[in-house]
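Chemist: Next come the chains, spelled out residue by residue.
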Amino acid sequence: MIKASNLSVRLAGKQVLHGVDIEAVAGQLTAIVGPNGSGKTTTLKAIAGELRYDGTVSINGHDIATLKPWQLAVKRAVLPQSTVISFPFTVREIVRMGLSVGAKAGADETDRIAREALEAVDLSGFAGRFYQELSGGEQQRVQLARALCQIWDPVQDGEPAFLLLDEPVSSLDIRHQLTIMRLARNFCARGGGVIAVMHDVNLTAMFADRMIMMKSGRVRAAGHPNDVMTDGVMEAVFGCAMRVNATPAGSVPFVLPHTAAG
Amino acid sequence: MPRSEMAAGDGQSRPFAARLKSEWLQGDRSRLARLVILALILAAAAMFAASIMTGAADASLGNVLRWLFGVDGAEQALSVRDRIIILDIRLPRAVMGLLVGASLAVSGAIMQGLFRNPLADPALVGISSGASLGAVLTIVLGSSLFGTLFAVFGFYALPVAAFLGCLVTTLLLYRIATRSGQTSVATMLLAGIALAALANAVTGVLIFVADDKQLRDLTFWGLGSLAGANWTKILSAAPIILVSLAVVPFLARGLNALTLGEAAAFHMGIPVQRLKNIAIISVAALTGASVAVSGGIGFVGIVVPHVLRLIIGPDHRYLLPASALLGGTLLIFADMVARTIVPPAELPIGIITAFVGAPFFLWILLRGRSHLGL
Chain A
1 MIKASNLSVR LAGKQVLHGV DIEAVAGQLT AIVGPNGSGK TTTLKAIAGE LRYDGTVSIN
61 GHDIATLKPW QLAVKRAVLP QSTVISFPFT VREIVRMGLS VGAKAGADET DRIAREALEA
121 VDLSGFAGRF YQELSGGEQQ RVQLARALCQ IWDPVQDGEP AFLLLDEPVS SLDIRHQLTI
181 MRLARNFCAR GGGVIAVMHD VNLTAMFADR MIMMKSGRVR AAGHPNDVMT DGVMEAVFGC
241 AMRVNATPAG SVPFVLPHTA AG
Chain B
1001 MPRSEMAAGD GQSRPFAARL KSEWLQGDRS RLARLVILAL ILAAAAMFAA SIMTGAADAS
1061 LGNVLRWLFG VDGAEQALSV RDRIIILDIR LPRAVMGLLV GASLAVSGAI MQGLFRNPLA
1121 DPALVGISSG ASLGAVLTIV LGSSLFGTLF AVFGFYALPV AAFLGCLVTT LLLYRIATRS
1181 GQTSVATMLL AGIALAALAN AVTGVLIFVA DDKQLRDLTF WGLGSLAGAN WTKILSAAPI
1241 ILVSLAVVPF LARGLNALTL GEAAAFHMGI PVQRLKNIAI ISVAALTGAS VAVSGGIGFV
1301 GIVVPHVLRL IIGPDHRYLL PASALLGGTL LIFADMVART IVPPAELPIG IITAFVGAPF
1361 FLWILLRGRS HLGL
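Protein chains in written order, with this note's numbering: chain A, 1 to 262; chain B, 1001 to 1374.
In short, the hints are calculated from the structure, not lab data. Please read these numbers as outputs of a predicted model, since none were measured by experiment. C-beta atoms are modelled at their ideal positions from N, C-alpha and C, and glycine is treated no differently. Keep in mind that the hints are not guaranteed to be accurate.
Partial selection, computed: residues in chain A whose CB lies under 7 Å from chain B [unchecked claim]: (1) E50; (2) W70; (3) F89; (4) T90; (5) G137.
Next up, chain A with everything else stripped away, as it sits in the complex (with noise of 0.2 Å):
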């Protein structure tokens, strides 16, 4: 489980978190959603290790303040936004560098991870490619294999792994999108948990089992998507009228503006 407490952030001399509280457990998908600007990149790269912050973040139990790089790197793998490289490495080559963090497999092993890993993300056949020719999207999906390869097996050492996302389908097209959620379900069903920074309300009303509704550097509500999809708290965390409805299947609810004149 990842537990963070009261946690506050100031970047540059801002306060951008107010004493946020989150967890998720293994074996669901969390997934916070919140306006521009209201805190959940921060959130993540908090819990992530990667800023300064007041309050406990912990994974498993373990005080991530306490863990050393490298034993932090086991316990969890994260896809910032974009990655944008500075030599000219192939595909193949990115992803295995997520490999070389645990790297107790053998090189026949490592080979058939990095392909499965490739593969998971819909890019087989890219490996030879140079990664600073791909598109945006295709950039995002190699830097998502990388990741996963870092935790490989969703469960190690009998803890379960995390996946921190940071917006993984925004530049993706409506097939990949399915394609990286299924894959983070998938993750979380093998044993793994995944918090994921998302945009697309619907979609993570599709695949979350869990919602945190984010504004302003505040948590505003949290739970599962039928219960915190209202018209209310939509209105209040994204400031503009909208009807919630259900898909005709009738389980899963989804949001439209009510009108598109401001």
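Based on the hints, put chain B in the right spot on chain A.
Modeler: The following block gives chain B in isolation, referenced to the frame of chain A:
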């Protein structure tokens, strides 16, 4: 044609080449890199031998080897004069070329990895000037101000001072050019110019106050040349260089991860701050020791890693050792050119590396302008 389709070409006749090609098409350049490193080891050995044989005195490789390994009758084949020339002039020069070339190329490769930019180079961003300042300080104020330095470090005082000068400049540069994990190339190059100008100004003042003997030392030292190579200098710099080069392989995985950014490197388990500290200290030690014994020799650090990246890719596990080998080989070659092109005079080697390196630098600039962030 997509690269994956090209993989299915001929190659049954040349299975090894075909295997290499198919691996390359799969994005795996590790076997190629190991082959290149092997070839570079041979090239370095050949260049080393050629350097010992090249020059005014005639000494064939066979005679030299027979003499070195104590074969009977070899004593007569080599005159005493030739033996002295080889042992005390050419050999130290070749050893120093190898050490300095390796240091400069590896410093360049580390700097580029650290700054995440192929244009970083010790000479370009002013840290060589910092090393020079440290060295000039010891030469001019050595006896008065740096008495303790000499007392403690003995004949290591010069490389140690150059190292300190280098370290201060590198740290300053990194502080100025890097903000929250992102390095601005423009800031880095401009700050480098300013730091170099400042260091050069202080050096100028020191030259102004130097006495005649010190001036001679300074001029001799500042030319950027291997001409002054002798075993004493090698003994003062080699331990620093060899220890630093031994540390460098441990930076490789971290520098690879750093290519994706500081945050990503941290996510992947790299202790980023420690990596940066060790990288900066290594660069300072390598550049400082090189500058202390050979003056400022530019562009090796930028040309060598760049050429290698085009062939074996940017993986630092291979790039760093390959840079050391190619840097050493090229500098020995440049030194051979320097001492044979205008006999009996000798060209400072820095001039040769600049003649090759400066146009090369411009070529990199023009070719990669779009994705260098300029």
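Chemist: Which earlier hints can't be squared with this structure?
Modeler: 5
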